[in-house]
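Peer 1: What follows is each chain in one-letter form.
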Amino acid sequence: MLKFDFGKYKGIIVSIALFLLLDASVLLLNFYISFEIAEDANDVNLAGRQRMLSQRMVKSLFDLDSALGTSADENRALTELQFTHDLFDTTLNAFIAGGSTMNAAKQEVMLSAVSSENGVQALKEAQLIWEPLHQKLQRVFKSFANGVTDADLRVLLDDALNYSQTNNLVLLRLMNDLTNELESVAASKATRLRMIQTVGISLAVLNFFIIMFHFLRQLRDSDRKIEAARQETVDILKTVNEGLFLVKSDLNIGSQYSEQLLTILNRRDLRNESLESLLSNIVTEKDLKTALSFVGLLFNGKVKEKLIGDLNPLQEVEVNIANRDGGFETKYLSFDFARVTRRGTGESGAGAQEVLVTVTDVTARVRLERELEETKAHNEQQLEMLTSILHTDANLLGTFISQSFNRFQRINDNLRQPVKNNFSYRQKNDAIFREVHAFKGDASALGLNRFEELAHQFENELERLNGTHGLKGSDYLTLAVQLDRLMNDMEMIQQLITKLASFNSVTSIAPNLSPVVSGNKIPWVNLDDLVDKVSSRQAKKVMLVTSGLQEVAVSDDVRSVLNDVVVQLVRNAVCHGLEEPKQRLFNNKHPKGRIDVRLARLPNGSLELAVQDDGRGLDAETIRAKALSMGRWSREELESWENKKLLSVMFQPGFSTAVSVSEDAGRGVGMDVVMQRINSLQGKISISHKPGHYCRFVVQIPEPESRCQAA
Amino acid sequence: MSEKTLQVFIDGVVRYFHHTQDKDVKLGTPYLVENSSPAAFDYTGIIGVSGASKGCVYFTAPSALLRHLLLSLGETDTNSENMVDLVGEVANTISGNARSEFGKDFMISVPVVVQGAPDQIHLPRSMRSYVIPVYWKAYSAAVVISLIQ
Chain A
1 MLKFDFGKYK GIIVSIALFL LLDASVLLLN FYISFEIAED ANDVNLAGRQ
51 RMLSQRMVKS LFDLDSALGT SADENRALTE LQFTHDLFDT TLNAFIAGGS
101 TMNAAKQEVM LSAVSSENGV QALKEAQLIW EPLHQKLQRV FKSFANGVTD
151 ADLRVLLDDA LNYSQTNNLV LLRLMNDLTN ELESVAASKA TRLRMIQTVG
201 ISLAVLNFFI IMFHFLRQLR DSDRKIEAAR QETVDILKTV NEGLFLVKSD
251 LNIGSQYSEQ LLTILNRRDL RNESLESLLS NIVTEKDLKT ALSFVGLLFN
301 GKVKEKLIGD LNPLQEVEVN IANRDGGFET KYLSFDFARV TRRGTGESGA
351 GAQEVLVTVT DVTARVRLER ELEETKAHNE QQLEMLTSIL HTDANLLGTF
401 ISQSFNRFQR INDNLRQPVK NNFSYRQKND AIFREVHAFK GDASALGLNR
451 FEELAHQFEN ELERLNGTHG LKGSDYLTLA VQLDRLMNDM EMIQQLITKL
501 ASFNSVTSIA PNLSPVVSGN KIPWVNLDDL VDKVSSRQAK KVMLVTSGLQ
551 EVAVSDDVRS VLNDVVVQLV RNAVCHGLEE PKQRLFNNKH PKGRIDVRLA
601 RLPNGSLELA VQDDGRGLDA ETIRAKALSM GRWSREELES WENKKLLSVM
651 FQPGFSTAVS VSEDAGRGVG MDVVMQRINS LQGKISISHK PGHYCRFVVQ
701 IPEPESRCQA A
Chain B
1 MSEKTLQVFI DGVVRYFHHT QDKDVKLGTP YLVENSSPAA FDYTGIIGVS
51 GASKGCVYFT APSALLRHLL LSLGETDTNS ENMVDLVGEV ANTISGNARS
101 EFGKDFMISV PVVVQGAPDQ IHLPRSMRSY VIPVYWKAYS AAVVISLIQ
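Those protein sequence lines, which keep their order, are chains A and B. Going by UniProt numbering, the first residue of the first sequence is number 1, and it counts up by one from there. Going by UniProt numbering, the first residue of the second sequence is number 1, and it counts up by one from there.
Don't take every hint at face value.
Claimed, not checked - Derived, one-sided and incomplete: chain A residues facing chain B with beta-carbon distance under 7 Å:
#, residue
1, 415
2, 474
3, 477
4, 484
To be verified - No farther apart than 27 Å at their CA atoms in a straight line, the calculated lysine-lysine pairs in the DSS-like style are these:
#, chain 1, residue 1, chain 2, residue 2
5, A, 541, A, 589
6, A, 124, A, 59
7, A, 472, A, 420
8, A, 225, A, 10
9, A, 644, A, 690
10, A, 472, B, 23
11, A, 376, A, 499
12, A, 136, A, 59
13, A, 248, A, 225
14, A, 592, A, 533
15, A, 304, A, 289
16, B, 23, B, 4
17, A, 59, A, 142
18, B, 54, A, 331
19, B, 4, A, 420
20, A, 376, B, 54
21, A, 684, A, 626
22, A, 304, A, 248
23, A, 626, A, 644
24, A, 541, A, 592
25, A, 420, B, 23
26, A, 472, B, 137
27, A, 690, A, 589
28, A, 472, B, 4
29, A, 248, A, 302
30, B, 54, A, 286
31, B, 137, A, 420
32, B, 4, A, 286
33, B, 26, A, 472
34, A, 189, A, 124
35, A, 420, B, 26
36, A, 142, A, 106
37, A, 136, A, 124
38, A, 289, B, 54
I should point out that these hints are in silico values taken from the structure, not numbers from a laboratory. Cβ coordinates follow ideal geometry from the N, Cα and C atoms, glycine included.
Required output: the full structure, derived from the provided sequences and hints.
Peer 2: Structure below.
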């Protein structure tokens, strides 16, 4: 129901009522006096007619006198005299005592008795003069009616004529006085009316100006207050750091909102926008539905606001706001909703009339929290890495990282190479295999189990690809993802090393931690570590004897190749060459196998690396059987090969005599890598063995000058 | 970045070419490229991605491929404006496919077409992108996916 505050508008209501009352009074008076003036005008007319009748009567008397004896003119004059006499008499009596008479239109009109002093006096005097004439004329009319002789009639007429001639002018003057008197009364009434109208209108105008002045001042005051309040609201909405806006019960957004809201939401304006459309593009569908239900509850008076506070789904919600560059800006916003109730409706009353929404940009805080969490997780991961690299020789680690990045780059370059047929895919796979296998060997030698594991997964994926018919580019997605992961992890290790290096520069413990950073010479891999790890995994006992590695001067590029070669050969020796301790005992050998690694510079300047084990040697039949299973050669072909050619099969990609694939063996790429690396320096490899006694690989690398010439 | 996510964006490009007369589009093996030197041909249609993954995905092609593609679509006017429209259309197909596959988890923006390589506004810094070469007839284009999770 509409409630109206009369107190506030009492003054204006009274003033307007007074204004209307004054206008109505003036109108009524005007109406009444106008009516009276109309009556007075009638009286004035009739009084004027009396003047005229007095003269017409005299004239009729003369006419009758002169027409006496001529019947036609006599009758006309008598009728005229009779008419003028009756009308004058009736009207005069009506003026004196009030009564009816005929007007010019021959209609009956009522006359009030004349009340003014002068009028009454004039009428009294007129009556005194009229009465004798009236009697004389009555006798004339009776005589005509009774048919008396003309001589008798003439006597009566002469009597009336004589009286009339004597008093005619007096009667005329008296009727004139009456007319003037009545005119003067009417004029005084008109003057009074004008005065009343003037006073009434003046009062009304005065009242109007009072209203105008008073209420304009009040309006101005109100406007000033409203403007001040509006300015305060504008200042608040401009300054406040939160996004503020109101939602109406139809879930549309109000017209007022804070400037910060536009900044937060990256919008230009929110006019005619609904809450749903505002949220739909920035939060998930599920959050949107929950938020709208939640706001709907706030408009329900039966629901307690405090009880549903936890249902608000828009706390620290991630929103993605499209920007003009085609990207998205991710922010974290908190939306708080509060009921707005007006006077007369409290908590216990009906639901909210509006809901105030406060939007706070908590991106910085949330990001900081997440960064802290990420840093913590990163630190934990780094700590785990750290524990593994702390046991690793710093120089070796630096070399490993540097070489690994090179290997990753070569893998990536290989992936990048366009392929035209299945054979190209196979070549690509083999080339990648060699790189990752060498990487795995390096990681294994350094005891970096995580990298060894990642490399192993990489090799598994490559094997899956090799077994896939009709390869296409998208089949390599997993490989690309794995390469990315390897690179990321390696970068993390590098960062860790850099940090440690900076720490060490203070403590001066290990100044050459990272050759990547410092550019120092590539060291030899730690073969003792490698042998320890691989032999323990293979459940074998091994004694490693090395010579010449530290003594013979070797350039970095050669050392890099020899590192790869020696790692593969030593690992193969442990995995394939040496027997298990029980088997060795059975063969009358020491349970601990022996591996000799020897590096020497020959008189011709070339380098010779020999790796020899005292294991089972090579088994031609096993090699032949494996080569047959590879499907590249026929049985007859293989049977016809002499031993030297058969042994060369070992250097084919995919060749392995291991029964199953493990981290140490079974892929068949180790010897492939060895051959590739040796070839890169124009070296050569030779194999000698005695079944059940030993197997020796001798690698010869020509001196740099010879290499250049050969190249 | 999971290979499933990468696959969805690649499927978008393949889907576009399947709507053309010459459907014989081939994908090269994916490789990585540093964002500091982004891979791009003459025209590049970029879509911004946010939500579960953040960054951008773009389709980049040389003008020769686009000119040929326009002609095969029956458009004889091969001016720059039409090439921009064409790249935008491919990017639109990619984003449409991603929207239908990922639903509300991924926020996909309206494509923006630039000439040359995307700038730093579009690419997440200090990370690598996946480049998937796209071969159509004798031309090479690429889908580049640069997202962080």
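Peer 1: Which earlier hints turn out false for this structure, listed by number in ascending order?
Peer 2: No numbers; nothing is violated.
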